[in-house]
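Participant: Read off the chains here:
Number of protein chains: 2
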Amino acid sequence: MRLLHKVFLSLLLCFLCASLFAQVKIASSFRMVPLGVLGGIDESNLSAYMVAPVGSNNYICMDAGTLHAGIEKAVTNKAFTTSAEQVLKKYIKGYFITHAHLDHISGLIINSPDDSIKTIYGLKSTLETVKTHYFTWESWANFADDGGAPLLKKYHYKALEPGNEVAIDNTTMQVQVFPLSHSNLTSTAFLVRSNDSYILYLGDTGADEIEKSHNMQNLWQAVAPLVKANKLKAIMIEVSFPNEQPDKTLFGHLTPRLLMNEMSVLAKLAGSVKGLNVVVTHLKPPVASITKIKAQLKANNPLGLNLIYPQQGKALEF
Amino acid sequence: MRLLHKVFLSLLLCFLCASLFAQVKIASSFRMVPLGVLGGIDESNLSAYMVAPVGSNNYICMDAGTLHAGIEKAVTNKAFTTSAEQVLKKYIKGYFITHAHLDHISGLIINSPDDSIKTIYGLKSTLETVKTHYFTWESWANFADDGGAPLLKKYHYKALEPGNEVAIDNTTMQVQVFPLSHSNLTSTAFLVRSNDSYILYLGDTGADEIEKSHNMQNLWQAVAPLVKANKLKAIMIEVSFPNEQPDKTLFGHLTPRLLMNEMSVLAKLAGSVKGLNVVVTHLKPPVASITKIKAQLKANNPLGLNLIYPQQGKALEF
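If you're matching them up, the sequences are chains A and B in order. So for the first sequence, this note's numbering puts the first residue at 20; every next one is plus one. So for the second sequence, this note's numbering puts the first residue at 20; every next one is plus one.
Wrong hints could be hidden among the right ones.
Which copy? The list can't say, so a pair holds if one copy fits it or any two copies do.
Calculated cross-link-like contacts (lysine to any residue; reagent style SDA-like; alpha-carbon spacing at most 20 Å) [what the hints assert, rightly or not]:
| hint | residue 1 | residue 2 |
| --- | --- | --- |
| 1 | Lys97 | Asn237 |
| 2 | Lys109 | Pro304 |
| 3 | Lys247 | Leu322 |
| 4 | Lys150 | Asp266 |
Note that these hints are calculated values from the structure, not bench results.
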């Protein structure tokens, strides 16, 4: 009888642990569907990441290098259970463009004739380039609500300023922007909040030591309290080249060594980054180079980051 | 014995006929490998066509909407027996851009970091947009030899003027340009010659009757003698929308009806266009619309054109 009691108690304990574990698993805050993950030359797989609160279909799209080809792949993979047309028109509520280099916005321009009315967010300097170089009537019809006449008014430009948190239209999320140094351009990091959880997406960026900048330092200072409080669910950050790339040909990008340097700055500020989800984006082909980047990150990860390599069309949760 | 003689003679005749037929088949002048064939939204399959004299690997690329994804497909299909990297760097000797809309040049920009030194040909107005909107250091690094400093000098801009035939660098081909009307833009037709054979590639174009233009009429007058003399091996021309598209939303494009009207002008000038190879380009998704375009062209082809639908990565010969 006492044995039976013990067995019963053990089973109950197992059940409670399993429930707790299940709850921990269920407690993801964000769902992310990568539409494109590479840092170059493959037009069918360039930077674009859909992000929404778990359980919602009101996504934003962080950068928009490839849309259609990525959405098609996601639908094939059953990451979405609706049509590609509906994902483009209904699920994506707005675009967040980190900088105006074509591999981060080509998909938006190409898909614009089939898109629905929505907002394009970015720094003023980024939106200025979109307005004067892409939606111009020379490069493309002007689907926006500012710039060369006539205005087709499908897209509204919304310039974001560092220091303010702004509500994202037609979603329950908020966003803050931080400037990044990307060679001659100012690139952007978007800190997205859903309730009390955050996800941080960085566009192309160099390291402070190479760019002679404090942008990364300032960003890590801002997010360190969130890391400490376990509220930052993931950092999405680029590693474009392997360590062998000479500093003078980095063109405002990171290597595994430079990423780890930056992460150690964050670790000092936050106490620890052990187990932090770091989604590595913008790996530049060829395949041999991508393989090398992954090997170098794995071989030198003393902080214990949880390194994640996103795949086109495959959903992730954080 | 006389019977055996007759049989022998018959066999000889058959053999000679077969040889002649084989020679006719071998007598193609151009090899064309489509890298992208659609008129929209699929970033992995936008207008780009490699063309070379049969037997040569010195290709030019007519428009450059998609390069990498198309080359990869062509290599998979064994349309090329070398690597994708070699096709981009070694086989493509120059780009011919019909107009600067992004779906005709995005692949060139995205692939430029991995490309080799070569020339970009086009009308002065087209090259001006490439210079001021794409290779600018805001949209992309300036890989060209003109425009915003510093100049990386990988590409040389060569402006072409209507009325002159110009040799194409690093090939045995020549080219003449003709202006086309594409709504607010001037688009281009490239008439490419290899020895005594020609192929005509038209960028996006509206019909003279809609565009209030004589550009198509002038082009047909110029090529009619080549059709008459059986020297024009193929016309590559767009049909973007089915006949149901209202005139006011054609945006400088053709429908099956408008294509056939234009072909009847050419037929009058040339005597006949029966059996002329017409490669139909730039069909705009969705699939239902593309299916309709093909059905409408098939149902209304009184001139007896040989209508050809190019497929991405599958070589054709003319």
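Participant: Is it within a copy, between copies, both, or neither that the alpha carbon of lysine 109 lies no farther than 20 Å from that of proline 304?
Facilitator: The answer is between: 19 Å across copies meets 20 Å, while 32 Å in one copy does not.
Participant: Checking lysine 97 and asparagine 237: alpha-carbon separation at most 20 Å within a copy, between copies, both or neither?
Facilitator: This pair counts as neither: shortest intra-copy Cα distance 39 Å, inter-copy 52 Å.
Participant: Reference check for the pair lysine 247 and leucine 322, CA-CA at most 20 Å: within, between, both, or neither?
Facilitator: Answer is within; shortest intra-copy Cα gap is 15 Å, inter-copy 75 Å.
Participant: How would you classify lysine 150 and aspartate 266 at a CA-CA limit of 20 Å: within, between, both, or neither?
Facilitator: For lysine 150 and aspartate 266, neither the intra-copy (32 Å) nor the inter-copy (28 Å) Cα distance is at most 20 Å.
Checked against the numbered hints given earlier, this structure breaks hints 1 and 4; the rest are met.
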